Structures are given as structure tokens and as C-alpha cells.
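S.K.: Going down the list, the protein sequences come from chains A and B. This note's numbering puts the last residue of the first sequence at 673; the count rises by one with no breaks. This note's numbering puts the last residue of the second sequence at 673; the count rises by one with no breaks.
If you're looking for bench data, these hints aren't it; they were derived computationally from the structure. Honestly, I wouldn't trust all of these hints.
Since the list can't tell identical chains apart, any single copy or any two copies may satisfy a pair.
[As the list claims (entries may be wrong)] Below are the SDA-like pairs computed for lysine to any residue, each with C-alpha atoms no more than 20 angstroms apart in a straight line:
(1) K420 x G320
(2) K509 x T406
(3) K258 x E311
(4) K360 x G273
(5) K360 x R326
(6) K258 x G531
(7) K287 x L299
(8) K258 x A611
(9) K258 x T300
(10) K305 x D295
(11) K305 x H350
(12) K582 x T349
(13) K492 x A587
(14) K582 x A266
(15) K288 x A357
(16) K509 x E410
(17) K645 x P310
(18) K287 x V625
(19) K258 x Y528
(20) K258 x R389
(21) K360 x G272
(22) K425 x G250
The structure presented is a predicted model; accordingly, all values stated were derived computationally and were not measured.
Number of protein chains: 2
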Amino acid sequence: MRKIAVGLLGLGNVGAGVVKLLEDNAEAIGHRLGGASIDLRRVVVRELKKPRLVDIDPALLTTDPSKVISDPEIKIVIELVGGETEARRFVLEAIAAGKHVVTANKALLATHGDELFAAAAKRGVDLYYEASVGGGVPIIRALREGLASDRIDELIGIVNGTSNFLLTAMTEEGRPFDEVLKEAQAKGYAEADPSLDVDGVDAAHKLCVLVPLCFGTSIKLEDVLVDGLRHLTPTDLHFSDRFGYVIKSLVIAKDHGDSLEARVHPTMIPKRFLLASVSGVYNAIYVSSYALGHSLYYGRGAGMMPTAVAVISDLIEVSRNLLGSASGGAPLRLQAPALKRSSKRIRQAGELLSRYYLRFSVDDRPGVLGQLARVLGEQAISISEVVQERHAEGRPASVIMTTHVAKEQDMQAALALINALPVSAEPARLIRIYE
Amino acid sequence: MRKIAVGLLGLGNVGAGVVKLLEDNAEAIGHRLGGASIDLRRVVVRELKKPRLVDIDPALLTTDPSKVISDPEIKIVIELVGGETEARRFVLEAIAAGKHVVTANKALLATHGDELFAAAAKRGVDLYYEASVGGGVPIIRALREGLASDRIDELIGIVNGTSNFLLTAMTEEGRPFDEVLKEAQAKGYAEADPSLDVDGVDAAHKLCVLVPLCFGTSIKLEDVLVDGLRHLTPTDLHFSDRFGYVIKSLVIAKDHGDSLEARVHPTMIPKRFLLASVSGVYNAIYVSSYALGHSLYYGRGAGMMPTAVAVISDLIEVSRNLLGSASGGAPLRLQAPALKRSSKRIRQAGELLSRYYLRFSVDDRPGVLGQLARVLGEQAISISEVVQERHAEGRPASVIMTTHVAKEQDMQAALALINALPVSAEPARLIRIYE
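So here's chain A without its partners, still in its complex pose:
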């Protein structure tokens, strides 16, 4: 029986899940490999002696990455160390050594993807990354398979479980962001430093992984309009509900033919839209394509076991490629982003079009709405709906409105002008609307 030697870099949460599933499902995996087996040869860890989430033979452990990367018998390296610098070096070294790589590292791919995919293509090895987006949701595979006989027009996703958990709690319980975040941190649902999650950076990394798969164009983090959750208030959630929307932190990528749009921000979506029902730590990705129409993929976006399932699905596919091509068959491997190359222009943030929800905190006296409307009108922004709310005597009033479709740069210009008006008590708040 043929054995495929595998080396694992990193034995944290996901690494432990991989070890466990490889053991628990050895037989089923063998079936998928036509009788071959996965032989976990070495596991690189930072410390040898440390409590582990899984039982593992201590003889497999090493702190020396070269024990994996330089072992000629090891054919596939699984990178689960996280971070960018060290992971980049390990992956490049593994590729240079002719090893196939499976990774779950979206930050790495978002930042160094072009370099890594080019290196893998040049060396003729696989670089697979199902676990980098959506945890157990097989979105990379669905996009890659779909690409072969379809054309993707748009992708809209909830890809950060922490943000969705926080937003769900804020929506259902009407509580403010800070309070909900603290509770999530206490329960381990949010990191001590939550910025990657709540400021949209993690989601933007994932979007940078998805865009080349969907459209064949690579994209940099700085090309993405990114906005986070911190400025959302219970008032905004209340009005969102009243206007018939739910607020979700979405990644949106859209092909406009000559150019692409890519953005990450809290978004008001109609309650009847399927993504509106995706609650808690779940992820979901909604894809619109020429042949399939609309499709949606939903599941746990993170966590030890779901992510491990994704890693192992890649491991099986790379092994199948290896078993096929090693014997002189066709080169079944494939760098997914290389499938279709295009080099569409990425639209600048200022060019993007949206409907907007706006909330102004202004002096409570007649004529103020007129001032706001005039500034908006001068920036070609047309108002759809307005609600004025008066609070206690002497306190600022709230003016809440939704607009028709407007250009981001016009909106930003208008808000700067409005914030500078003497009647403005606090900076205006904006939430983009998607329909």
C-alpha cells in the first residue's frame, strides 16, 4: 500500500483537529485515495513540552522546521503556523524543495499570494488553501469547480464569524458594541485584540483570496474599501430594523466588465435576503454566476474541526493529484488563480456606488433639515426617506435618512461639509445599503 508522507507545521487548534481527523478517518481517507494512506511523518511545534488538544506520539514532534522542509520523503507540507513572515518563508522553502503545500493562512495569501502561487507554478507543485476562507464551508472548491464551466458575476459573503456573532448579539439584544464585545472576549469568541476581526481586516484578507478565484485578477488589501463595526450603535440597529433591513458585515466583490469592485463593510441588507438569516459565528457566501444563477454556501467559518475538515479535503485532493501525476499521468494539479488571467482595473473606493443610511446629530431647531438636504443635493445625493427624532430639551436631535444610489466620493465630500456646519453636534454616521 502506497504511503504519502506528510509534514505538519503548527499544532494549535486547527493542527490538533487535523491530527485527530487523520487518525479517526484513516480508513475513509484511504478509500478516497484508492488504497493509499496518509502518513503523518513529522509535526513542527514551538515548544516540545506543552499540553496538546490531541494525543500525539511525542516522537513525531520537533521544533526544527527543516526536519519537515528538508525531508526528501515528505511530499506534502501543511502550513498552520499562521502569521505572515515565518509562514511565507516556510511555504517558499517547501515549494523550493518540491513539496506540495496546503495552508489555512489567509493573511499570508492576501499579502504574498502572487509570489507564492508564482513560485508553486514555476516549481510545478500544488498550493491549496480551502481552509483559508469560510472554515468548513467548501467555498474555494465550489468556486474553482464552478469556474471551469461558469462565469461569476458577484460574490457577497459573511466571512468573519466574530463580527457576525457580535452583530447578531447587538441586533437581537439591542446592546451596544462595547458591551457585546467584552462578553464575547470573556467567552473566548473574540480575541483580546479584536481589531483584525471587528475592523474588517480579516474579512478583507479573505476577500483578497476570493477575488482572484472569482475573476482571475489579483488584488491588494489597499485596493479594498474596508470599514468595521465599532461605530455602529443600538440606534442604527433600531432604524435598520424599522427600514426593513438587517446589518451584516459583508465582503462584496463584483465584476463590472471593465473593472472590479471589492469592499468590506457593515451593510444593511433586506430582511428577506438569505444572508440576513445567517446568525452567530456562521459564515455564508452567496455567489451569482452566469450558468448557476444564485448559489449559497453556509457553515461554521472557524473552529478546530470545521477548519480541519477543509485542510484534509485539500490534503486528499493534493494526494490524488500526486498519485495520478507521479506515475506520468497528466499534470492534474492546478493553481486556481491561474485558471483565468485577467487584469481588470480595481475600482477606487471613491468610485463605488451605494445607497446609504445616514445618521446626523444636529441642533434641534427649524431649518436644520433644509441645511443638510442642501449640502447633499449639491453633491448630487438624493434623499429617499427621512426620520427626525427629538430628544430631551436642549439635546441635539437625530436626523436619520436613507439615500438613493450615490457615489462614495460625493458622499464623503457631503459628510465633510455637513460635519463642518455649526449645527452639527457629532460627526455624521454612514452605513451602506445593499439591495
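Position chain B relative to chain A; hints supplied.
M.R.: What follows is chain B alone, placed relative to chain A:
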């Protein structure tokens, strides 16, 4: 460049989509095949001269199936003729001739799956069937990939687009079944003879395809509890809404360890459950598994292009297997249902447990509820909620109730007894509740 010769049986809706996508996406498909190409060699049709949904070289057409099945150059046969008898013969002949087969035929697989998979395994050829369930939703692939490193506990799906379209219209517009069906037939959304769809048989066929994939146990149509839509009334939909449910026609398969449960019926599900938001002709399959947790796959369950995408995804995978193994590589092919073999007992309909919604039409006089409650109680059925509605003087009253979990055979016994009571004006109606 290597060419893979393919023969197509049937050039209806889906066949035309396959021809179109093969042509439109030849380059992308070539990439997926490491430079090899798909060569559509022959298309078997019933009539040579007939308007087609796609432009096709008339020289490719033939009415003689042996031109495909006996052509030694053709490696893969796509069966899209539908039906059971002729399709079974074609598929068996193609397998006997050493050809790999891709089919979209759920009725064929539900009825003759064991025979066909056994024949394919014996002859060492692939039999793929992504398009048989869920149209463009890649559910077969998701289950097959998942199976390798996961264990499925339960599958709940909306897999008949016509039923879901009718139910959505009934729910949203409060109109009766007959009226909605007639309109759907006029628009081409329902067949002239709608029984396969509305009586649950098509969904049951699909469930028979899914169960072996999920649990490794094959199942026959007669093992499945099947109920259709015809008896649903606007009153039921109204009360469903009032009790906090939406009615969907679901397939449900569940692993109880020692035994399996498989059923197809209109089901009341909580409004917040993701499947409750799946409207119109869409399909969605919700899977609960050990490692992944909950996942959901959603998309167009039928139609020319979505189904063609599924057929081509299989064609690509079979071609990859062929390119790999033809050159002496590992046998990458795989009969999915053979992945894990188990032979769990299928629970009889009478053993199944559900909560129930019941609607009785009874004489409008005091003491009637007591009679109903007594019979139910004697059958060990406990009532959860009751509403009595009085109508015009002299007309029967409606008693609507939900029960706690009860056994199907007890419920059927109770309803038979109640229907025989002198106070019963019409047979009692039952809808099963899933939570």
C-alpha cells in the same frame, strides 16, 4: 494535446446546456484538465430533424445508441435520456463496454442504483451523478468530500423546486393549492401531470440517492415515508404562520446509530430556521455532521444551465481520473456509495417520531374537544396547543392543535378512531413539525 472522446445520450434541456457550456468554456475546461480537451464525438437523439435549444453540427447526431456505446474511442458516456428502462439498459451497456458514465437520472439511481454501482465497480469504471440531486447545488460532491473526514448525522433538504415554488406561492399569497398549481402549469413551472413533484416521489428518489452517500446504506423507495402537498389548505398555512412556522416540503434522513430514518413530507419548520427562507424554485440542503457542524448548500435545483454545470463538473472529474489512472496511476475513481458500507435497518413509517399539527373539522358543540383529547390521550399523544374556530351557524367547527412528540403509528391509529367518531365532519388533516 490529449482528447477525451465523449458521447451524449439525449439532447433535451440539460443536454443542450451541456453542449453549450462545453463549447463556451472549452478553454477553462482545458485548464482544469492540464491541457487535455473534451471532444464531444456523438449525440444520440430520438429524432434527427427537430428544433434544438442549441446550435449543433448535424453530423454529430444519430438515433442509434450503439454509435456511442459501441464506439471504442468514446471513454465517457453522459446519460440524459431520463426514464428508467431505456436509461438502465444504456448505462449497463456503456459500463459493460468499459465506459465511464455521468448521469443526471435520479429515478434511475433510486430504483436501480445498487445494480448500476455494482456493475461499475466490477468493471472498474466511474459512475458520477452530481446533477441527479439539487441541479447546480454541488451537494453530491460536498457529501462525498465530507464523508472522507466527517460523519453525517442528519440531512434535511428542499430538493423539489416545483413543490417549493407552489408552497411559496400558497404561503405568500394565501391561495389554494389547485389554483396555484394551474398557474404554475400555465407558466411551465409544473408538469401537465404534476404527481411526481407534488406527491413527493421525485424528492423521495433524490433522498434514495442521498442516503447511501450520507450513511453507506442503500434504501428503496418503499422504505421512505412519502407525503405530498395536495391536502394542504390556506387554513393550514395560516395556522402554520400563527404558530411561528413555515411549511416546506422536506426530505429528512437521520442516523439513529442502529437504524436510519428517511421521510419526505410537507413539514412545519420554525421561521428562523435557514431553510424557511428558501423560496421559489430554489433548492437547499442542510447537513449536520460531526466535524463540520451545520452546513447548507443552496441554489437552483433544476433548469438547463444549472444542471449542465453539475454534469460538466462530473465530466471534468471523471476525465481527471481517466487522465491520471490511464497512465498507470492509482485508481483514483471511486463509487461514492461504496465509500463506507453499513447495513443499518431503515425505520418503518410507523416507528417515526414527530410533533404534529392536526386540524379537525367537527360538529360545533360543547364536549367535542374532550372527545378528541380522550382518543389522542389513549394513543399516548399529548397535546401542546389548541385553537377552536367557530364558523357560520350550523357549519362544522375547526379544531387546530399541535402535539408533543408522538409515534406515527399511534397518530395514524388515533386519527382513524377520530375520523370514525360521529362528531367528525371531515377526515382529520395532519402536518408533521420539525424542530
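S.K.: Can you give me the call for K305 and H350, within, between, both or neither, at a CA distance of at most 20 angstroms?
M.R.: The answer is neither: 24 angstroms in one copy and 52 angstroms across copies each exceed 20 angstroms.
S.K.: My question is about K288 and A357: at a cut-off of 20 angstroms on alpha-carbon distance, are they close within one copy, between copies, both, or neither?
M.R.: Intra 35 angstroms, inter 52 angstroms, cutoff 20 angstroms: neither.
S.K.: Could you place K420 and G320 in one of the four classes (within, between, both, neither) given a Cα distance threshold of 20 angstroms?
M.R.: neither (25 angstroms within a copy, 58 angstroms between copies)
S.K.: How would you label the pair K258, T300 (within, between, both, or neither) given a Cα cut-off of 20 angstroms?
M.R.: Close inside one copy (18 angstroms), not across copies (54 angstroms); limit 20 angstroms.
S.K.: Should K258 paired with G531 be assigned to within, between, both, or neither, using CA atoms and 20 angstroms as the limit?
M.R.: between (38 angstroms within a copy, 16 angstroms between copies)
S.K.: When no copy is named, should K287 and L299 be tagged within, between, both, or neither for a Cα gap of at most 20 angstroms?
M.R.: Within one copy only: 9 angstroms inside, 69 angstroms across.
S.K.: Since the copies are identical, ignore which copy is meant and state whether K258 and E311 lie within 20 angstroms (CA to CA) inside a copy, between copies, both or neither.
M.R.: This pair counts as neither: shortest intra-copy Cα distance 22 angstroms, inter-copy 45 angstroms.
S.K.: Give the relationship of K360 and G272 under a CA distance limit of 20 angstroms: within one copy only, between copies only, both, or neither.
M.R.: Cα proximity of K360 and G272: across copies only (15 angstroms, versus 29 angstroms in one copy).
S.K.: Is it within, between, both, or neither for K258 and Y528, if the alpha carbons may be no more than 20 angstroms apart?
M.R.: Between copies only: 13 angstroms across chains, 40 angstroms inside a chain, cut-off 20 angstroms.
S.K.: For K582 and A266, with the copy left unspecified, which applies at a CA distance of at most 20 angstroms: within, between, both, or neither?
M.R.: between (42 angstroms within a copy, 18 angstroms between copies)
S.K.: With identical chains treated as interchangeable, where does the CA-CA distance between K509 and E410 reach 20 angstroms or less: within a copy, between copies, both, or neither?
M.R.: The answer is both: 14 angstroms in one copy and 15 angstroms across copies each meet 20 angstroms.
S.K.: What label fits K509 with T406 when the C-alpha limit is 20 angstroms: within, between, both, or neither?
M.R.: both (13 angstroms within a copy, 17 angstroms between copies)
Taken one by one, the earlier hints fail for this structure at numbers 1, 3, 8, 11, 15, 17 and 18, listed in ascending order.
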